[in-house]
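Number of protein chains: 6
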Amino acid sequence: MDTERYEQGKRKLAEIDGNGGENVIASLQDIAPDLGRYIVEFAFGDIYRRDGLNLREREMITITSLLTAGGCEAQLEVHINGALNVGISASKIVETFIQCIPYTGFPKVLNAIFVAKKVFMERGLAISGPQS
Amino acid sequence: MDTERYEQGKRKLAEIDGNGGENVIASLQDIAPDLGRYIVEFAFGDIYRRDGLNLREREMITITSLLTAGGCEAQLEVHINGALNVGISASKIVETFIQCIPYTGFPKVLNAIFVAKKVFMERGLAISGPQS
Amino acid sequence: MDTERYEQGKRKLAEIDGNGGENVIASLQDIAPDLGRYIVEFAFGDIYRRDGLNLREREMITITSLLTAGGCEAQLEVHINGALNVGISASKIVETFIQCIPYTGFPKVLNAIFVAKKVFMERGLAISGPQS
Amino acid sequence: MDTERYEQGKRKLAEIDGNGGENVIASLQDIAPDLGRYIVEFAFGDIYRRDGLNLREREMITITSLLTAGGCEAQLEVHINGALNVGISASKIVETFIQCIPYTGFPKVLNAIFVAKKVFMERGLAISGPQS
Amino acid sequence: MDTERYEQGKRKLAEIDGNGGENVIASLQDIAPDLGRYIVEFAFGDIYRRDGLNLREREMITITSLLTAGGCEAQLEVHINGALNVGISASKIVETFIQCIPYTGFPKVLNAIFVAKKVFMERGLAISGPQS
Amino acid sequence: MDTERYEQGKRKLAEIDGNGGENVIASLQDIAPDLGRYIVEFAFGDIYRRDGLNLREREMITITSLLTAGGCEAQLEVHINGALNVGISASKIVETFIQCIPYTGFPKVLNAIFVAKKVFMERGLAISGPQS
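Residue numbers (my numbering), protein chains in the order written: chain S, 1 to 132; chain U, 1 to 132; chain G, 1 to 132; chain E, 1 to 132; chain H, 1 to 132; chain P, 1 to 132.
What the hints contain is simulated information worked out from the structure, not anything from laboratory work.
Please note: incorrect hints may appear among the correct ones.
Intra- or inter-copy, both count: the list cannot distinguish identical chains.
Pairs of lysine to any residue, SDA-like flavour, derived with a Cα cap of 20 Å [said to hold, decoys possible]:
hint	residue 1	residue 2
1	Lys118	Tyr6
2	Lys10	Ile127
3	Lys12	Asn23
4	Lys118	Asp30
Note that this is a predicted model, so its numbers are computed, not measured.
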């Protein structure tokens with residue numbers, strides 16, 4: 001095991017996803033610990049720690065990709081929390097999903113919005129802002 | 001036809017995608033002019049003109065969604081040009097695609113990078129920056 | 001807001017999806033009211049109101065696209081109800097899904113059929129007809 | 001081999017896709033003849049020959065599913081020809097693709113429209129009709 | 001109905017998927033019995049009975065395809081059971097999913113692993129082996 | 001840079017994909033060298049070097065995942081070559097694709113078969129075997 005990459009990735013994961021990310025890694029310990037290790041080492045240790053984009057940009061890209069892929073509601077929930085954790089506002093998350101409509105159609109955007117609604121309610125967030 | 005939305009959308013399309021976007025609309029005139037009209041009115045007149053995200057953020061979301069969807073190389077080419085037009089650097093476009101690796105896997109990222117390579121070469125851009 | 005398109009779309013949405021569609025729009029009011037507005041104005045006001053296909057054909061296309069996309073069970077439930085509302089029989093809905101087998105494979109067809117089964121049971125419909 | 005299903009399927013394939021379908025089957029003879037046989041026996045012998053939907057409805061479902069799946073331009077070309085062969089007008093094919101916009105977004109619709117444009121030009125068809 | 005193919009397919013289905021597969025077929029009887037028949041005749045009677053790959057290889061391919069498609073958790077559950085039934089070990093199933101990471105990204109692999117975790121727990125299986 | 005993982009990955013990539021893989025990495029040098037590095041380090045250094053599955057099994061999984069994803073013809077070409085390089089016969093590659101029909105439908109299988117046909121012809125391979 002590559003201790004340095006792992007430790008760096010673990011700190012980055014905690015910074016972004018907090019408990020949500022750590023719970024995913026913990027839930028893999030008894031079935032696929034290496035999958036958890038690769039998420040920590042590669043996704044968070046290698047990719048999220050790169051220069052060139054800040055964490056708000058990286059989470060905006062991540063939630064866009066998860067919305068577009070479809071069927072990733074569990075990961076969307078973790079990363080909508082992650083987006084809020086790194087400072088993207090609730091209304092900007094909603095706006096990110098609205099920007100996807102022309103490219104993905106309405107159903108995937110609806111699916112993502114309903115995950116966001118659940119997360120925002122759990123965190124006691126009211127939505128406001130650029131809605132016209 | 002909704003003249004005001006159309007004219008506003010047309011200006012926004014020209015601002016972002018330049019000739020590339022206009023060529024798409026023109027190529028639809030003899031087969032599906034209403035499809036071109038909806039792209040102008042809805043995608044560019046309604047969505048891209050919204051507050052809450054700037055054009056660089058909107059294009060970052062767009063190229064992420066197109067990469068993730070797959071099979072949209074023609075639209076990626078238009079919007080990689082669009083991303084450059086609104087001020088995203090070539091190296092930041094590459095970095096956007098690299099951020100997608102953990103969520104989409106390598107093949108879709110490779111497809112998008114080779115479209116970007118073609119666009120960058122056509123525009124005489126050298127890549128540099130956050131690559132380590 | 002474009003009142004006329006909105007009102008026309010709202011009537012079309014009510015005609016097709018009934019309570020199911022209105023519930024979706026209502027559930028968006030506190031998080032993304034503009035997403036609901038675009039569904040009404042663009043999807044139902046612009047697209048569903050077009051000539052060239054009748055509502056039965058449009059719903060047949062819609063449930064085919066939702067089945068093929070995958071991961072859109074909530075929207076399939078609304079539009080299987082919509083298909084019944086505009087006069088497509090239960091057995092013709094099943095037949096539409098069977099036609100998709102060669103193009104999508106069995107798993108997506110199974111997912112759609114189990115949504116249809118739930119809808120048909122809620123509406124007290126027995127299936128019969130072209131099954132051999 | 002199941003001669004009756006094969007012969008029935010072959011006639012149905014010829015009725016719908018004409019040369020385009022037969023060329024696909026022929027091109028499989030030296031690499032995967034059984035794949036060709038299953039297309040004939042199962043897709044055309046079993047599915048397309050069913051009651052409950054007419055061939056125009058079946059081809060409308062097929063081109064919708066191929067558009068939504070993405071990356072199936074070769075098959076779309078065969079089945080846009082097939083749709084024309086069984087009596088769907090060019091403008092109704094375009095209208096079918098326009099109905100998909102709210103569910104798939106614009107890029108997949110654009111890809112399908114450009115395949116249709118190629119087919120219509122090869123067949124010398126002018127488009128007209130429900131475009132506003 | 002093609003009695004021989006059906007009976008052969010039914011035996012193959014029972015051999016692989018056991019109760020899980022038979023429950024799926026039974027659940028289709030009142031809504032789409034022909035869909036069940038095609039699964040038995042075509043998928044299991046025609047495809048799974050072919051030479052050239054053994055059943056362990058066929059189930060490895062099947063669970064890989066279901067993971068990659070996304071949104072097929074119900075079918076993954078049936079076929080993870082099927083994979084175990086034909087002699088693939090729990091740790092080899094996990095390893096199959098790990099091999100998919102570079103091609104599908106982490107989210108789809110996580111979805112599949114959590115289905116496997118449920119199946120392994122229901123069958124009282126402990127995981128061990130090639131995890132480092 | 002992690003020299004040991006890189007060198008190990010490079011040897012594994014050469015073993016499997018030969019020139020095809022090296023050409024992909026080389027073509028990334030001027031635009032996204034880190035993408036090439038991650039493919040070498042993570043996909044080949046970390047994943048392909050694992051125990052628990054042999055290289056023939058790993059390539060069977062890879063070509064199945066690429067077929068199912070769709071739109072990955074360039075990567076399929078590299079990995080069909082890779083599958084042949086590690087000892088999977090041409091007819092077994094074809095059989096792998098045939099096993100996918102019930103799960104992905106015919107169009108994606110056709111796309112993959114035509115890539116295989118190109119590869120087999122370039123390598124002067126005749127197909128034979130389990131086709132009936």
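Evaluated hints:
1. With identical chains, the CA atoms of Lys118 and Tyr6 are never at most 20 Å apart, being 31 Å at best within one copy and 27 Å at best between copies.
2. Taking the shortest Cα distances, Lys10 and Ile127 never come within 20 Å of each other, neither inside one copy (31 Å) nor across copies (24 Å).
3. When the C-alpha separation of Lys12 and Asn23 is checked against a cutoff of 20 Å, the pair qualifies only within one copy, where the shortest distance is 15 Å, while the shortest distance between copies is 33 Å.
4. In this assembly of identical chains, Lys118 and Asp30 lie within 20 Å of each other by CA distance solely across copies; the values are 12 Å between and 29 Å within a copy.
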